[in-house]
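Here are the chains, one letter per residue:
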Amino acid sequence: MIKIKHEQLPALIDFLSEKYQVYAPVQYGKETAFKKISSASEINKSKYNTSLNPKEIFFPQSEVMFTYDKEGIKTPLPKDKPIAVWGLKTCDTKSIRILDEVFSNAYQMPEKEMYKDPYWIARYKNCLLFSSACNEPLSTCFCNWFDSGPFDKTGSDVYVIDTGNEYIMEGISDSGKAFLENYKAVEQVTPEDQTKIDELKKKAKSYMQPPVELAGLKDKLQDIWDDPIWDEVSAKCINCGACAYICPTCHCFDVSDEGKEDKGKRVRLWDCCMFQLFTKEASGHNPRELSRNRVRQRVMHKYNYFVENYHEFLCTGCGRCVQVCPVNLDIRRVIQKILDYDKAK
Amino acid sequence: MKELQNKVKQLLNDKEIDLVIGWSKGSLPLVSTPVFITEAEQSDQLIFDHTCRNNLATYLTKDRKRLGKEYNKIGIVVKGCDARSIVLYVTENQVKRDKVVIIGVPCQGIFESRKIIDATGGREVLEQKIDGDQVILKGRGFEIKVSRDKVLRDCCLSCRYPDAPEYDYFIGEHRGEIDVKDEFKLVDDFEKKSSAERWQFITEEYSKCIRCYACRNVCPSCYCNYCFVDNNDPQWVGKTPEVTDNIIFHLIRNLHLAGRCVDCGACVSACPVNIDLRPLNKKVEKEMKERFGYTAGLDINEKPAMASHRENEKQDFIMG
Amino acid sequence: MCNTYIPISMKIERIINEDPDKTLRTYDLSFVNKEDEIKFKYMPGQFCEFSILGKGESPFGIASSPTEEGIIKFTISRTGSVTQEIHYLQEGDIVGIRGPLGNWYPDEKLRGNDTVIIGGGFAFTTLRSMIVYMLDHRDEYGKITVIYGARSPEFFIFKDELKEWEAREDITLHLTIDKPYPGWDKLIGFVPAVTKEVGLDPSAYVLVCGPPIMIKYTLPVLSEIGFEDSKIFTSLERRMKCGIGKCGRCGIGSKYICIDGPVFSLQELKKIPESF
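Protein chains in written order, with this note's numbering: chain G, 1 to 345; chain D, 1001 to 1320; chain E, 2001 to 2276.
Read the hints as simulated data drawn from the structure, not as lab findings.
Bear in mind the structure is a predicted one, so any value in this text is a computation, not a measurement.
Watch out, some of these pointers could steer you wrong.
[Said to hold, decoys possible] Derived contacts from chain D toward chain G, CB cut-off under 7 Å, selection only:
1) Thr-1033
2) Cys-1212
3) Asn-1217
4) Asp-1230
5) Val-1273
[To be verified] When the alpha-carbon atoms are kept at most 25 Å apart in a straight line, the in silico BS3-like pairs for lysine-lysine are as follows:
6) G:Lys-45 to D:Lys-1138
7) E:Lys-2271 to G:Lys-302
8) G:Lys-19 to G:Lys-184
9) E:Lys-2041 to E:Lys-2109
10) G:Lys-263 to G:Lys-280
11) G:Lys-112 to E:Lys-2039
12) G:Lys-202 to D:Lys-1239
13) G:Lys-337 to G:Lys-220
14) G:Lys-30 to D:Lys-1115
15) E:Lys-2011 to G:Lys-263
16) D:Lys-1239 to G:Lys-74
17) G:Lys-201 to G:Lys-45
18) D:Lys-1138 to G:Lys-203
[To be verified] So the derived label-pair ranges between C-beta atoms look like this:
19) G:Lys-112 to E:Val-2032: 18 to 28 Å
20) G:Lys-125 to D:Ser-1207: 40 to 50 Å
21) D:Lys-1115 to G:Asp-198: 36 to 46 Å
Each residue gets a CB set at the ideal place from its N, CA and C atoms; glycine is no exception.
Chain G on its own, in the form it takes in the complex (with noise of 0.2 Å):
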């Protein structure tokens, strides 16, 4: 472990800008969100979480897939300099890897090159993810529900704590070792910052509600599939979307062509299962009429579905669809009523 001044920020976002493009958190409007940067008198200072999140570095909202024209089929594949995100907090640094699962190794078959998702590995090769403790979680924060929490390092790169006027780092991946010994602008940690870190963690753990035990979810919702609870649950959903978009883990997507026979482009861009639209046939036929249906498929994807195919929830407990969700359908009280539900009644 290794430390830098606050003061030295800005040296280090220098050195990692020559080999890397660097994203971090900057003041979007009234909102936050992971933006590229070029210096470090860009980033948010807030200690919250973003709102907006950041799968948008490596799945853009819309991005191009081909272009064609008299010629032929050109496809536009990235090739930036690779990228390097600072100040992800450890439920962002999660759902960046199950994504990852997701786009490079659809169902955990890496044999399968077609099963591959050119554009995204292109983006994602050779990233470089610092991964921050988070000190300050809000109320809505859960991540602690998923065998994680505030201080987790898992799926860091390198890990950084933020003590208020230091910044404690650690090498977690071999990626993140290596950088680190090739920096050598640093100091090294004492045995008072591991009392400050130990003190943070306590702080931060305080903050947040006890977990939830969720071992029985995926099973309980295989259950109470066909049962009516999913109309109390679904009753005030109005099916508007703001959850996907804003969720760092829902990757669901439409592919659209633009243009006319000779000249154009087909780009994919984010799309939402609770649309109405999303699985309506050219027949007229739409299996999920209902909204019911709609807001059931997005409960099962993320805690059953998912996981009987990647063996982990699609869900990192960030909490902004908590925040966002304009009828305050909150997902916890969601899971908790499910596992509460008792068939027999």
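Here the structure of chain G is known, so what remains is to put chains D and E in place on it, guided by the hints.
Below, chains D and E alone, put in the same frame as chain G:
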């Protein structure tokens, strides 16, 4: 609130209505959440205060239109703007008047979460309490008092019709129509800008749009089964979040809302990237008022403005 | 690196109108680039995303068999905006396909065993692929029984092949139409009823493809006769976009139709809550 709960309890017990849609306490301190009540005992959940931001009228259309088949009579608790949405639905033949029982409540304005976050300097609010015309905001390690007007929604600050213009029951004191000066100040300020400044404002705001369609989906007036954006034959507007496509989407949506927007503020609250949607909305509203003397959702017997023609309408754009 | 999102260029060699309404057409496509043809290895049951640049894509089951070299066949019904555009195409036009995608009929299991193939309407496309494949390797399979139902005689697709197969001794064909029709001397009745009446051996494998309502009523008949769930296979459809299990659109339960399907056994389907 007790009065409201008792009234609903009575209506349910008398079987005058079999479903009530109202607000109950949310899981976060600054918001409430819609609740669907079918049993009289459940009416204790009902609240009405500054957190009741949702326009509940939207549950009468779109996906929930089937509620009309499942229930005989639906009671809805409404603020002024929500009731105007219901009036709009009746004039547009979406809902039959005798199908709904409108329960009006006196609205004093609704909190805007983002203004509250500004007031606390970005710190999370864990508790709020009204104290006269002030609001007490408490969080981790702080407690502040702000003037209530500082944290109400913009649309509430220029609201002319806080009372339901059409109702079956009204709980509490009417506020009456408020004589708002400069309700269109937003538009006048915008019109004072030069062309270049206007273009800069519009491109800056709408380049933030991520085309999540939350504004459209929460809007009570946007109930089309197939929105013009969903059309791909012909494709009226591109689906990618390029600023020109974003502007076209929002412009066309606003034009479709001419004479139909009740300025309930649902779109502004729902937008995840906090785009300033009101200038365009208000501009169209101002045009409708000045050209046709029409304000949406006030008179249940009036035909929709864009679907009718009156002989005394100005025709100077034809005759020169 | 392999980019499954990029379509392969194909040339339309032949277009056949399959029905009098001109809503069903069969397209024979050839590869513009020889290297694409060499790389394109598929099995009956798989599908492709048919691309019209500027308009969009639709998924279609491959109707040709891998033993028919150089040609990829699709039968397309004019339903929406993309298929409308496909119907405007002429012989010689260039289109794109992405594939082969999905899984295929369980060929290894069918070898050495009897197979019953049941189809309805224009869902017969991938079944044609399987039948031609089996007939081209005839000795490796047991008895082949085909039951194919259509609204009336003009609505059968692949009429030439059907005539050929009727004339063969090594395949039993039961063609049926919904209601009596002048000049029709073969079976009359819906597919589920015919399935019951023709007398099938329940130890065989079954491949069944058709409109949802036909499948809904045929499956109980098959169970009654005694066919095992693990030996009955069907092909599912949903709206698709990416074709490689990323965009989330064709998901049913925890499965993606574009990766785990479109071919599923009844045993698997019974475990998936959203399948019917």
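Hint check:
no.	hint	result
1	Thr-1033	holds, 4 Å
2	Cys-1212	holds, 4 Å
3	Asn-1217	holds, 4 Å
4	Asp-1230	holds, 6 Å
5	Val-1273	holds, 6 Å
6	G:Lys-45 to D:Lys-1138	holds, 22 Å
7	E:Lys-2271 to G:Lys-302	holds, 19 Å
8	G:Lys-19 to G:Lys-184	holds, 16 Å
9	E:Lys-2041 to E:Lys-2109	holds, 20 Å
10	G:Lys-263 to G:Lys-280	violated, 28 Å
11	G:Lys-112 to E:Lys-2039	holds, 15 Å
12	G:Lys-202 to D:Lys-1239	violated, 47 Å
13	G:Lys-337 to G:Lys-220	holds, 11 Å
14	G:Lys-30 to D:Lys-1115	holds, 10 Å
15	E:Lys-2011 to G:Lys-263	holds, 19 Å
16	D:Lys-1239 to G:Lys-74	holds, 21 Å
17	G:Lys-201 to G:Lys-45	holds, 20 Å
18	D:Lys-1138 to G:Lys-203	holds, 19 Å
19	G:Lys-112 to E:Val-2032: 18 to 28 Å	holds, 26 Å
20	G:Lys-125 to D:Ser-1207: 40 to 50 Å	violated, 28 Å
21	D:Lys-1115 to G:Asp-198: 36 to 46 Å	holds, 38 Å
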